[in-house]
Amino acid sequence: MTHEDAPHAGVATDHGAGRAPENPEPGNPEVPEQRRDEESATAGLTTAPLDVDEGADGSGAGTPGGPERDGERARGAGSFGGTRAPGVGGALSWTARELVGWGRWFWRQLTSMRVALLLLLLLALASIPGSLIPQERSDVTVAADFRRRNPGLSEVYDRFQLFDVYSSIWFSAIYILLFVSLIGCILPRTWQFVGQLRARPPRAPRRLDRMPAYTTWRTATAPEEVLAAARRRLRKRGFRTDLADQPGREGQVAAEKGYLREAGNLLFHVALIVMLVAFAAGQLYHSEGGKLVVQGSGFTNALPQYDDFSSGRLYDVDDLERFGFTLDEFHYGYSRDSVDIGTPTEFRADVTYWTDDGTEKSDTIEVNEPLRVGDAKVRLLGHGYAPVVTVTDAEGNTAFSGPVPFLPQDSAFTSTGVIKVSDYVGPDGEHDQLGFQGFFNPTYNIDEVRGPHSTFPEPDYPVLTLNAFHGDLGISSGIPQNVYQLDTDDMEQLRDESGDLFRFDLLPGESIELPDGRGTLTFERFENWATFQITTREGNSWALTGAMAAILGLVGSLFLQRRRIWVRARTDADGMTVVEMASLGRTESAKIPEELADLAADLQPDAPMEREPEEREPEPEEPEPEDPEPEGPAADPDPDRDPDSATEDDAGTEPDADAERKPDSASSAEGARP
Amino acid sequence: MMLAADQGLADASNVLVYTAMAVYALAFLAYVAEWILGGRSRVARTLATLEAEARDEAAGSAAPAGPAVTVRGRNGTSVLERPKVVTRSANPGRADVPDGPGAAGGDERGDTYGRIAVSLTTLAFLLHLGGVVTRAVAVERGPWGNMYEFSTAFSMVVTGAFLTLLLLRRRMRWLGLIVAGTVLLDLGLATTVLYTETQQLVPALDSIWMWIHVPLAIFCGGLLYLGAISSVLFLFRDRYEAKLAVDAQIGTFSRSVLGRLPSSATLDRFAYRINAAVFPLWTFTIVAGAIWAEDAWGRYWDWDPKETWAFITWVAYACYLHARSTIGWKGRKAAYLAVAGFLCFLVNYYGVNIFFDSLHSYSGK
Ligand code: HEM
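Residue numbers (UniProt numbering), protein chains in the order written: chain A, 1 to 674; chain B, 1 to 365.
Chain A extracted, bound-state conformation (with noise of 0.2 Å):
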């Protein structure tokens, strides 16, 4: 960590031991001017907001009673109002200060750095219960499970909102804090990192031998000639430069570069916002519903052809794609490998739709494959079984002809489903009804312990088990019915001859007289089923540019350097040139060194070395020239910036480019420290 602290002093670090800082508060008039100009030096190389209330220490939390440094009001005064006039204005316009007062803290509070990070955190949490608690919206019959086992902790989880957790208030106030925050984090930063790039790279401090990287040589060549040499190396190698001609800044090149990783960092929080707003769109402007579709039939994109239908908030309706389409034929495989058996090894759909414009196509849905019609897709879900059964009344007629899904219950498709005859005439000739209930097993098998069930999905041995009922399957009643349940709280079971439960198995052809004479029940065939989602959703391409934008923002963010590059080159006394050089990136780098002495390597055609009769150490003492102004206005946009959180980041740079690869470029070399 401390190795990517500022280069400068003024650093206060925090070493988590509790360490009190070491260093003067910046700002503090006790700080040297030397200090002040290399704080301007590094000044700007982030955006990133200053924490002002945070001390070195990370305790002063900045309560409102607490040091501010903004001058807005006296250390230690208890309110933002100030003094307070007599009388009704006075109170009015403190107020207004107060309020005032207290807004601007509790916004630059928000956007902090601090309370980001510890939103963040927030949201981390936040997120948990909701995968250790059973959920509604993803999972309806789990979370009713739950709630029948635990009546009184459900209570306790309803006050709290922790069945639907995603959708909860408390859960939306993280992250829409979080936003707000960032939001008011962003713009800010947009802002100077546009003034950055209208701005000049900032001048050289005095004394470039207290930047991380250095290095000094003697020439022939004249001063001018060196900077101009060097500026031009620069523009080559990218960097911003500025040519010295103003004062204070005479005799020096400053450049910089790596400004694409602010943009880099400033992509990347926009592009949250981008995916958040694409998320919630798709939240409100929704439909999914299923259908299940047997082989042969369709289905047509409206309300009430659905099985289940649910919609965002805000979705219409009558917005539904228009079109339909039917299942041609359903394949399927498992695999009958000793291991693998009953895996499944292939699922598609053959289905032609039709849209508005009349137009009519095949194509087909495998799992991963949907298809795409209009803003609507269609995904291939399940699959499964329907018995073709025709059921005769006793006066000969057909009173029910027709495929029936059964739905599947285990892996190896045990099927259990209905049949329901409404309209059906008994014996004595009165109207009745019938209703059958029992299981179509593609591979038929039966135990005592689990009756008959089926042992493989495929069809090796299709039998249907039904028992048969009759009297009133409740249909009338008005109470909305599923179609897979017998109510036989109003039926009566059908006996044969000899008392027994009528019960009975059938292979496909196969047929059974019911007893009494009530007619047949023949097992014709039986067909695929499979069901299907139709879903819409807004922002879905939003929500991927987003993503994309993320990612190559942190790319930029993460692996960019940000660094600034000093030359300066001045008339010795004995007539010859002293060229410097210092590089200061935002973090410690290994390459920034690197690439200092590639430069001043490069330079040396326009600037040959000049042997010194005796190596000299680069000389720190130099004498100082006057400053002319306190504070580089133009080049520094932020001058009072904490330092430290100006830069404190590493350089995300691969994790090869380690200073411990070489005893030569990088780590610690104190020699210039006083």
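Hints should not be assumed to be uniformly reliable.
Said to hold, decoys possible - Heads up, incomplete: computed chain A residues facing chain B, CB under 7 Å, no partners named:
id, residue
1, LEU123
2, GLN533
3, THR545
4, ALA547
5, VAL555
Claimed, not checked - Label-pair distances were calculated between CB atoms; the ranges are:
id, chain 1, residue 1, chain 2, residue 2, range
6, A, GLN604, B, VAL133, 49 to 57 Å
7, A, ASP328, B, GLN7, 55 to 63 Å
8, A, GLY152, B, LEU189, 37 to 45 Å
Unchecked claim - Output of the computed footprint for chain A on chain B, the stretches with three or more beta carbons under 8 Å from beta carbons of chain A:
id, region
9, 114-128
10, 288-301
To be clear, the hints were calculated from the coordinates, so they are not data collected in a lab. All residues carry an ideal CB built from backbone N, CA and C; glycine is no exception.
Assemble chain B with the ligand onto chain A, guided by the hints.
Frame of chain A; chain B with the ligand shown alone:
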């Protein structure tokens, strides 16, 4: 498309994995020997004094007192008559504690064992790789279809990344003991508790995203694990250095062991580099998963437990990256966040498959 998994090859794969485990065990012992011999060395015994000296020396010696900068050119390495570059440490104070001498602690026999350990690790890795590849050939798909395969691939990434780092920069051997130990543990769990016979994949997993999303997740996990080790060691080493700075009593064990580790600054930087490099990749992994979910389940995000924990992991690492930019959170607190981030990854990886009711549960147990 329906070819039965090849049992012969699958058996060969198992043999390779078991052999790799045996070699990992030998490597582990060699690392232990390295640490033990290193602990006996004079260097390690006098580490405290050494550090004090090294601190004073750091100023002089590391400042390249003369050597011209070596320039690596296209035609090899040349030494240019080049002005020297003086680099200055960013920080005053404790950051100047130099890296420890490494596991061998300057002991020659320790160093030999260290080298043997690395050779054995390399051999084990090759066997491990062979095991994973034969498994892939046997099942005719990516070798990441169930938790057994996931775990073997995961530890393979860990060793592979460790060896690559060793290749790139020599001074990484301090990771070896932990890597060999935990890889062995992971393989032990994989072959006993998690073992699954070769399997076909269900059609839901038959997608191009299976080749992107899942291996990336494994890859990210392997690298994040190395970062997490580094963060944990950072926490220990940081405490050690804090004590060193105030001349507090330090136990012989921690002096000997922690003293040989790299400095806290190096450990922290290593962890950061890994985590920062993986973060965009992890983001992409999640996005790829979302795209796949959109195709397979009709919604790209529905707070399924696996999705939720991937999100939590992501947010935890975002917290970590933010923490490093926030005063008062750098250092230890950031390291805690990094470790928490990796624990979230583990919850997602093992916890969700085993304990949660998730759409993702078809990866088997
Ligand atoms: C929505 C949740 C957020 C996420 C997931 C997030 C994620 C990230 C990540 C991963 C980074 C690391 C990139 C880098 O180091 O350059 C980062 C950097 C940063 N974030 Fe955020 N962020 C979020 C919200 C915020 C908010 C609300 C703020 C403002 C208060 C903010 C301010 C920053 C700044 C200033 C940096 C750059 C730090 C630096 O350059 O040293 N972020 N963010």
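For each hint, the structure was consulted:
Interface hint at LEU123 (chain A): satisfied, since its Cβ lies 6 Å from the closest Cβ of chain B, which is below the 7 Å cut-off. At a threshold of 7 Å, the smallest CB-CB gap from GLN533 (chain A) to chain B is about 5 Å, leaving the interface hint in force. Annotation: interface hint on THR545 (chain A) violated; nearest CB of chain B at approximately 11 Å, more than 7 Å. A hinted interface residue such as ALA547 (chain A) counts as satisfied when its beta carbon comes closer than 7 Å to some beta carbon of chain B; here the least separation is about 4 Å, so the hint holds.
A least Cβ separation of about 5 Å between VAL555 (chain A) and chain B falls short of the 7 Å threshold, and the interface hint therefore holds. Roughly 51 Å separates the CB atoms of GLN604 (chain A) and VAL133 (chain B), a value that falls within the hinted 49 to 57 Å. As the Cβ distance of ASP328 (chain A) to GLN7 (chain B) is approximately 38 Å, the hint placing it in 55 to 63 Å is violated. Judged by the Cβ atoms, the range 37 to 45 Å given for GLY152 (chain A) and LEU189 (chain B) holds: they are separated by roughly 38 Å.
Residue count for the region 114-128 of chain B with a Cβ under 8 Å from a Cβ of chain A: 0. That is fewer than the three needed, and the coverage hint is violated. Evaluation of the coverage hint for the region 288-301 of chain B: fulfilled, as 11 residues show C-beta separations to chain A shorter than 8 Å, against a requirement of three.
Checked against the numbered hints given earlier, this structure breaks hints 3, 7, 9; the rest are met.
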